[in-house]
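Each protein sequence line maps, in turn, to chains A and B.
Taking numbering that gives the first Met the number 0, the leading residue of the first sequence gets 0, the next gets one more, and so forth.
Taking numbering that gives the first Met the number 0, the leading residue of the second sequence gets 0, the next gets one more, and so forth.
In short, the hints are calculated from the structure, not lab data.
No false leads were mixed into what you were given.
Chain A is nowhere near these chain B residues, computed Cβ spacing over 10 Å in every case:
1) Gln84
2) Ser123
3) Glu180
4) Ser181
5) Arg197
6) Leu227
7) Ile232
8) Pro239
In silico SDA-like cross-links for lysine to any residue, where the CA-CA straight-line distance does not exceed 20 Å:
9) B/Lys113 - B/Leu18
10) B/Lys119 - B/Pro94
11) B/Lys85 - B/Ala132
12) A/Lys547 - B/Pro126
13) B/Lys113 - A/Glu109
14) A/Lys483 - B/Gly228
15) A/Lys77 - B/Glu9
16) B/Lys148 - A/Arg488
17) A/Lys320 - A/Ala354
18) B/Lys242 - B/Gly211
19) B/Lys242 - B/Glu216
20) A/Lys41 - A/Thr52
21) A/Lys547 - B/Arg129
22) B/Lys85 - A/Pro528
23) B/Lys148 - A/Glu481
24) B/Lys148 - A/Gly486
Nothing here was measured: the structure is a model prediction, and the numbers come from that model.
Quick reminder that beta carbons are idealized off the backbone N, C-alpha and C, glycines included.
Listed below are the residues making up each chain.
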Amino acid sequence: MSDEPRIGVLLCSCTPQMRERLDFDEIAGFTSSIESVVHVEKHPVWCLAPGLTRLKEIIQEQEIDRIVVAGCSYRTHKQIFAKALKEADINPYLLEIVNLRDQCAAVHPEGATTRAKDQIGMAVARTAVLEPLEEITVPAEQKALVIGGGLSGLIAAGTLAEADCEVIVVEREDALGGYFSRNRQWRLRKNGQEALPEIIAGVESNPSIEKLVSSRVTRVDGRPGEFDITIETPQGEMHARVGVILVATGSATAPAEGAYNHDGKAVKTQEEFERILYSDESTEKPLSIVMIQCVGSRNDERPYCSRVCCLDAFRNATAAKQKWPESEVAILFRDLEMGCLTERDVKHAREAGVAFHRFDPATPPLVEDGKVKLVDTMTGKEVSIPYDLMVLSLGEISHEGTRETAEILKISTDVFGFVPEPTIRLRPHESTGRGIYVTGAAHWPITPEESMYQAFEMASRAATDLKKGGFSTRPIVAFVDESKCIGCRLCESMCAWGAIRVSEPEEGNKAHVQEILCKGCGTCVASCPALAIQAAYYSDEQILPSIKAAVTS
Amino acid sequence: MTKIVSFVCEWGGYTAADLAGFRGISYPSSLRTIRVECTGRVDPVWMIDAIIAGADGVIIIGCPEGDSRHEIGNFRVHERVRWVQKGLEMIGEEPQQVRTLFLSSEDAEVFAGKIGELEKDLESYGPPARDEAALENLRTLREVFAEEKIRWLIGRGPDMVADGNSFGEPVTAEEYDEDVESILKSEHRRISILRRLRDEAGSVTDVASQLGFSTREVMLEISDLIGLGRVAIKGHEDPPVFKEVLM
Numbered sequence: 000m001s002d003e004p005r006i007g008v009l010l011c012s013c014t015p016q017m018r019e020r021l022d023f024d025e026i027a028g029f030t031s032s033i034e035s036v037v038h039v040e041k042h043p044v045w046c047l048a049p050g051l052t053r054l055k056e057i058i059q060e061q062e063i064d065r066i067v068v069a070g071c072s073y074r075t076h077k078q079i080f081a082k083a084l085k086e087a088d089i090n091p092y093l094l095e096i097v098n099l100r101d102q103c104a105a106v107h108p109e110g111a112t113t114r115a116k117d118q119i120g121m122a123v124a125r126t127a128v129l130e131p132l133e134e135i136t137v138p139a140e141q142k143a144l145v146i147g148g149g150l151s152g153l154i155a156a157g158t159l160a161e162a163d164c165e166v167i168v169v170e171r172e173d174a175l176g177g178y179f180s181r182n183r184q185w186r187l188r189k190n191g192q193e194a195l196p197e198i199i200a201g202v203e204s205n206p207s208i209e210k211l212v213s214s215r216v217t218r219v220d221g222r223p224g225e226f227d228i229t230i231e232t233p234q235g236e237m238h239a240r241v242g243v244i245l246v247a248t249g250s251a252t253a254p255a256e257g258a259y260n261h262d263g264k265a266v267k268t269q270e271e272f273e274r275i276l277y278s279d280e281s282t283e284k285p286l287s288i289v290m291i292q293c294v295g296s297r298n299d300e301r302p303y304c305s306r307v308c309c310l311d312a313f314r315n316a317t318a319a320k321q322k323w324p325e326s327e328v329a330i331l332f333r334d335l336e337m338g339c340l341t342e343r344d345v346k347h348a349r350e351a352g353v354a355f356h357r358f359d360p361a362t363p364p365l366v367e368d369g370k371v372k373l374v375d376t377m378t379g380k381e382v383s384i385p386y387d388l389m390v391l392s393l394g395e396i397s398h399e400g401t402r403e404t405a406e407i408l409k410i411s412t413d414v415f416g417f418v419p420e421p422t423i424r425l426r427p428h429e430s431t432g433r434g435i436y437v438t439g440a441a442h443w444p445i446t447p448e449e450s451m452y453q454a455f456e457m458a459s460r461a462a463t464d465l466k467k468g469g470f471s472t473r474p475i476v477a478f479v480d481e482s483k484c485i486g487c488r489l490c491e492s493m494c495a496w497g498a499i500r501v502s503e504p505e506e507g508n509k510a511h512v513q514e515i516l517c518k519g520c521g522t523c524v525a526s527c528p529a530l531a532i533q534a535a536y537y538s539d540e541q542i543l544p545s546i547k548a549a550v551t552s
Numbered sequence: 000m001t002k003i004v005s006f007v008c009e010w011g012g013y014t015a016a017d018l019a020g021f022r023g024i025s026y027p028s029s030l031r032t033i034r035v036e037c038t039g040r041v042d043p044v045w046m047i048d049a050i051i052a053g054a055d056g057v058i059i060i061g062c063p064e065g066d067s068r069h070e071i072g073n074f075r076v077h078e079r080v081r082w083v084q085k086g087l088e089m090i091g092e093e094p095q096q097v098r099t100l101f102l103s104s105e106d107a108e109v110f111a112g113k114i115g116e117l118e119k120d121l122e123s124y125g126p127p128a129r130d131e132a133a134l135e136n137l138r139t140l141r142e143v144f145a146e147e148k149i150r151w152l153i154g155r156g157p158d159m160v161a162d163g164n165s166f167g168e169p170v171t172a173e174e175y176d177e178d179v180e181s182i183l184k185s186e187h188r189r190i191s192i193l194r195r196l197r198d199e200a201g202s203v204t205d206v207a208s209q210l211g212f213s214t215r216e217v218m219l220e221i222s223d224l225i226g227l228g229r230v231a232i233k234g235h236e237d238p239p240v241f242k243e244v245l246m
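If we strip away everything but chain B, and leave its shape as in the complex, we get (with noise of 0.2 Å):
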C-alpha cells in the first residue's frame, strides 16, 4: 500500500486537515501527518529520511506564498524541496515524490485533491526500488543534505540571487542553479568516499572501482578530505589505504 508522511504546519496544512474532517471530504487514508510549528522547520534531511523509512512520497504542506503566519517559513521550506528535488534525480529517483503544497488554512478541497493526486502520480510511478543500492543512494543523499556547505547555498541562494553574492558580484538564478548542482555532484561524490571509508579502510584504486569513479577523481577527494582531517592514512602498505575520522 502507498504511503505519504507529509508535514504539515500548524497553521496551514494542519488547519486544513481539520477542516476536511469537518466537511467530510474524503482523501486517500495512505496519509500519515507530522505536525510542526512551520514548514520553515521542514529540513531537507527529514523528507530524506521518510523515504528511507519506506515511505513513497512526502508533501510539505504549509501557508500560502506571502501570508505565512512566520512571514517566510513557507519560502524557505520551498527552496529546500527544490534541492532534494535535484538531489533525488541525481541519484536516479523520481524527484516529485517529494512535493510542496502552499495553502490556506480554508482550502480544505483542495488539501483532499492534492493528497489523491500525488497518491496517483505516486502509483502512476511503480513501486520505487527500494533494494540495498538505492538505499545506500538514499543514505548518501541524506548526509549530503547534512553537509554544512550545501546547507548554507541553499539558505543563502535566495538572497545571493537578489542581492549578489558575498563579494557584491550579481549573481543569476541559472549561476546560482547551475553551482548548487555541480556541488550536489561533487558532494555527493565525497559523501559517497567517506561512507566507503567509514566501517572498513580502502585504497584509492579499491574506492574508484567500487564507486565507479576515476582514480583520480578518488584521490583528489581523498586528498582533500585529508586535508580537512575527515580522512586518515591507517597502512603504509603498497598501494597505501584510508579510513574516515569520526568526529
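Okay, chain A solo, but in the shape it has when bound (with noise of 0.2 Å):
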C-alpha cells in the first residue's frame, strides 16, 4: 500500500429516479476533482456479478487501495462490497458507502445532486484516513458449566455432552431434578413424569458430566470462551475453565401468604392439593373442590399472567373428577390462558363435568358459611357454591437462585427478577451477554415442553459456538490510549455490556476493553473526560473530515 490514499468511488445509478434526479456528470467531475480520489466510475449495477467483476478490474488497473459506493444503503449492502473488497485483497473495513438512492434521489426533488455531491465529499475525506481493521477473535475453552440442575439445565446438559463437550452441573438443592422431581410432577404429560427420572438417570451415568450437588457458582470472571468460575461445594471452593455458560434457575410457585385463608387442610395450594390427588395412600375425598385462579397474581404488585397456573388448573380438576367420580370440580378464573393448553385439556375437563364460573377482578369470590359466592360475569347470575376443599392457583415468581445467578453474571432482570430474551422477536434464543445462554423459566414462566424445546435450542447453540472453537466479533470495538487515562471509571458506569473495566490502582488503574464484549457503540468514548478512548471506524479523526466536509459548497 502507497502511502497516500488511493480512492476509487463506484457511482451506482439503478433506478430510473437515480438517472432522472441526480446529474452523474456533475457528480462525477466534482468526485474526480477530490484529492485522493484516483478513479471514478458510473456503472448501473455495481452490487451485481458484472458490476464487481468490473470493480476487481479497476481495483487492479488504478492500483486502488479503498472504496466508497455511491449507490445504496450501507446497511443493506456493506456486506456486499466488503466481501468484493476481501477477495480483491483490500481490508474490508477500507469502505464506506453512500446512499444515493433512498437517501438523495428518493427524497429529493430538488437539490438532490448538491446532497449527493456533499454526501460523497464527505464520506471521501473520511475514506482517507480509515485504518485496516482486523476481526477479533478469542478461542474457547471446549467446556460447558449449566448453572441449575433441573428440567431444563438437565437436557441442556444431556445434549452438550452429546456433542461432545465437559460439562458441568451445579444444582443447589442435594439432588437433581429440581422442580418437577421435588413437588410439581403433575405439570409435566404422563410421559414426561415417566421421563424425568430417565433424564436424571441419564445425566447420572454421563461420565462427561460432571455433577456438583448442594453447590453455588458463587463468582464468575473472565470473558466468553475463557470464563473462569469458583464454586462453593459440600468439599469446599472449586475453581474450573468454562467456554460457556447455560443458566436454567428456573421459576418458584409464589407463597400463598394466608390468601382465603390457606391453612394448607381446607384451603390448599395446587402443589399441596397434588399430594392427595396423585397419592394412592391418601385417604382424603373431598366432595366438592372450589378453584381459584390468579391469587395473588395480576394485580399492581404482581401484574404479569403466570401461564401455567390455568394448565394446572384444569389438569388437576380433570384428574379429581376422574378420581373422584362423585364429587363436584368447579373452577373460577378471571381470564383462561389458553398458549399453554390444549384443545385436548378443554376437552377433558368438560367431559370429565368441571364447572366453569368468571369473575370480574373488582369483585372477586368471597367466603361466607362454608360457601364461596360470586356473580358469575359469563351469564350475569350470582352464584353460591358449598365447597369442604379450596384450591388456590397462585403463579410463578422469579427463583431466587436466577436473581442470584443474574447478578454474579451481570446479566439483566426486568423487576421481577426473571431475564428477559432481547428483542424477543427479533433475536429469541439469544442472551444478553455472548457466551451466555439463559434457558426455560429463568426467562418467564413457561410449560415444562417449552423449557425442553428451549433447553435443546440453547444447548446447540452454546455446542455451535464452543465447536466454532471461539468467539468471535467485528473490529469496531473501543480502544484505550493508557497514556491518557486517569482511571476515573466513568467508561465503567457507561457502558451496558460490561465490556470496559478499569484495573485495581495497584494494577495501574487503567480501563481495558474486553474486545469481544464490546459492541462498538461509543457511549464510553464521546463520554471520557480526559479523551482516553477511541473508536474503531469511528474515531474522532475519521468523523472531523466528514463533518468539515458536510458544508463547504
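These two chains come separately, so use the hints to put the complex back together.
Given below as C-alpha cells:
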C-alpha cells in the first residue's frame, strides 16, 4: 500500500429516479476533483456480478486501495462490497457507502445532486483516513457450565454432552431433578413424569458431565470462551474454566401468604392438592372442590400472567373428577390462558364435568358460611358454591437462584427478577451476553414442554459456538490510550455491556476493553473526560473530516 | 442555503432515512448525514465542530428512549445535547440549533417531518452571526466541552441525581443543573484566558481588558492555572506576563 490513499469512487444508477434526479456528470466531475480520488466510474448496477468483476478490474488497473460506493444503503450493501474487497485483497473496512438512492434521489425532487456531491465528499474525506481492521476472535475452552440441575438444565447438559462437550452441572439442592422431581410432577404430562427419572439417570451416568449438588456458583470472571468460575461445594471451594455458561435456574411458585385463610387443609395450594390427588395412600376424599385462579397475581404488585396455573387447574380438576367421580369440581377464573392449554385439556375437563365460573377482578369470590359466592360474569347471575376443599392457583415468581445468578453474571433482569430475552421478536434464544445462554423458566413462567424445547435450542447454540472453536466479533470496538487514561471509571458506569473495566490501583488504574464484549457503540468514547478512548472505524479523526466536508459547497 | 448536519445511528436514524427514501417521503435537501454505530458515540465537541464548520443546525437522530440497540447510548447523548444547548445559550447562540430526535426505524414520516421543522426553525432564527468574535466564542466552547471536568459532570450527572454524589449525599436535578451551569461559566472564562495566552503572552490587566473580565477574576484564574501547570510566567517585567504551557 502506498502512503497516499488511492480512493476509487463507484457511482451507481440503478433506479430511473436516480438517473432523472441526479446529474451524474456533475457528480463525477466534482468527485474526480477531490484529492486522493484516483478513479471515478459509473455503472448501472455495481452490486451484481458484472459490476463486482469490473470493480476488481479497476482495483488492479488503478492500484486502488480503498473504495467509496455511492449507490444503495450502507445497511444492505456493506457486506456485498466488503466481500468483494476481501476477494481483491483489500481490507473490508477501507470502505464507505453513500446512499444515493434512498437518501438523495428518492427524497429530494430538488437539490439531490448538491446533496449527493456533499455526501460523497464527506465519505471520501473519511475514507482517506480509514484504517484496516481485523476481525476479533478469541479461543473457547471446550467446556460448558450449566447452572441449575432441573428439567431444562439436565436436558441442556445431556445435549451438550452428546455434542462431545464436557459439562459441569451445578445444582443448589441436594439432588438433581429440580422443581418437578420434588413437588410438581403433575405439570409434566404422563410421558414427562416417566421421562424425568430417565433424564436424571442419563445425566447421572454420563461420564462427561460433572455433577455438583448442594453447590453454588459464587463468582464468574473472564470473558466468553474463557470464564473462570468459582463454585462453592460441600467439599470446599472449586475453580474451573469454561467456554460457555447456560443459566437454567427456573422459577418458583408464589407463596400463598394466607390468601383465603390458606391453612394447607381445607384451603390448599395446587401443589398441596396434588399430594392428595396423585397419592395412592391419601385417604382424603373431598366432595366439593372449588379452584380459584389468579390468587395474588395479575394485580398491581405482580401484574403479569403466569400462564401455567390455568394448565395446572385444568389438569388437576380433570384428574380429580376422574379419581372421585361423585365429587363436584368448579374452576373460578378471570381469564383462561389458552397459550399453554391444548384443545385436549379443555375437552377432557368439560367431558369430565368440571364447572367453570368467570369473575370480575373488582369483585373476587367471597367466602361466607362455608360457601364461595361470586357473580358469574358469563351469566350475570350470583353463584353460591358449597365446598369442603378450596384450591388456590398462585402463579409463578422468579427463583431466587435466578436473581442471584443474574447478579453474578452481570446480566440484566426485569423488575420481577426474570431474565428477559433481548428483543424477543428479532433475536429469540439469544442472551444479553455472548457465551451466556438462558433457558427455561428463568426467562418467564413456561410449561415443561416449552422448557425442554428451549433447553435443546440453547444447548445447540452453545455447542455450535464452542465447536467453532471460539468467539468472534467485528473489529468496530473501543480502544484505550493508557497514557491518557486517568482511571476515573466513568466508562465503566457508562458501558451497557460490561465490556470496559478499570484495573485496580495496584494494577495501574487504567481502563481496559474486553473486545469480545464490546459492541462499538462509542458511548464510553464520547463520555471519556480525558479523551483517552477511541472507537475503531468511528474515531474522532475519521468523523471530523466528514463534518468539515459536510458544509463546504 | 441552510445546512443541517445530522448524526444518525445505524439502527434508528439511518434506517428511518432509508425508509423515507423507500416510501418516497420528501424532506429538505439541506440535510447531510453522518452515520455512527450509536448516537452514544456523538461527542459534544462534534456538535460544536459542525457549527464552527458552517452548519446552521445539528440534529442527532437515534433510537427511541428505552429501546436503543445499545441500551442507553441515546440517553447519554440526550444529556450531552442538553449541556451543549446551555453552553450555546451562554455565549449568545440559539440553543435550539442543536437538537435530538429519537425515533424508531419505522418512523420515516416523523424523520422527514422533523427535518422540515428544523429547517423552518433555522430559517426563522435568521442567518447566524459568524464573525470572528462569534467563531472565537464557539471555539472556546468547543474546548470547554473537551475539558475533563465538564465531561465528567455530564457523564456522572444522571447517576448522581439518581443515587447521590460520591459522598453519598443526595443531589437534586436542580442542584446538579446549577452546578454544571456555574462550572460551564467558569470553564468558559478559564478557556478564554488560556486561548488568549496561547499565541501571545499577556499580563493580567491586558487579558482582563481584552476579554472583559475583572482583573481580580483573571488573576485568580491565572494563579489556578499556574498551579495546574497550564500557564507559566514568561517575563518578570512590571506587570509580569503569562503564557499558556502547551502540553
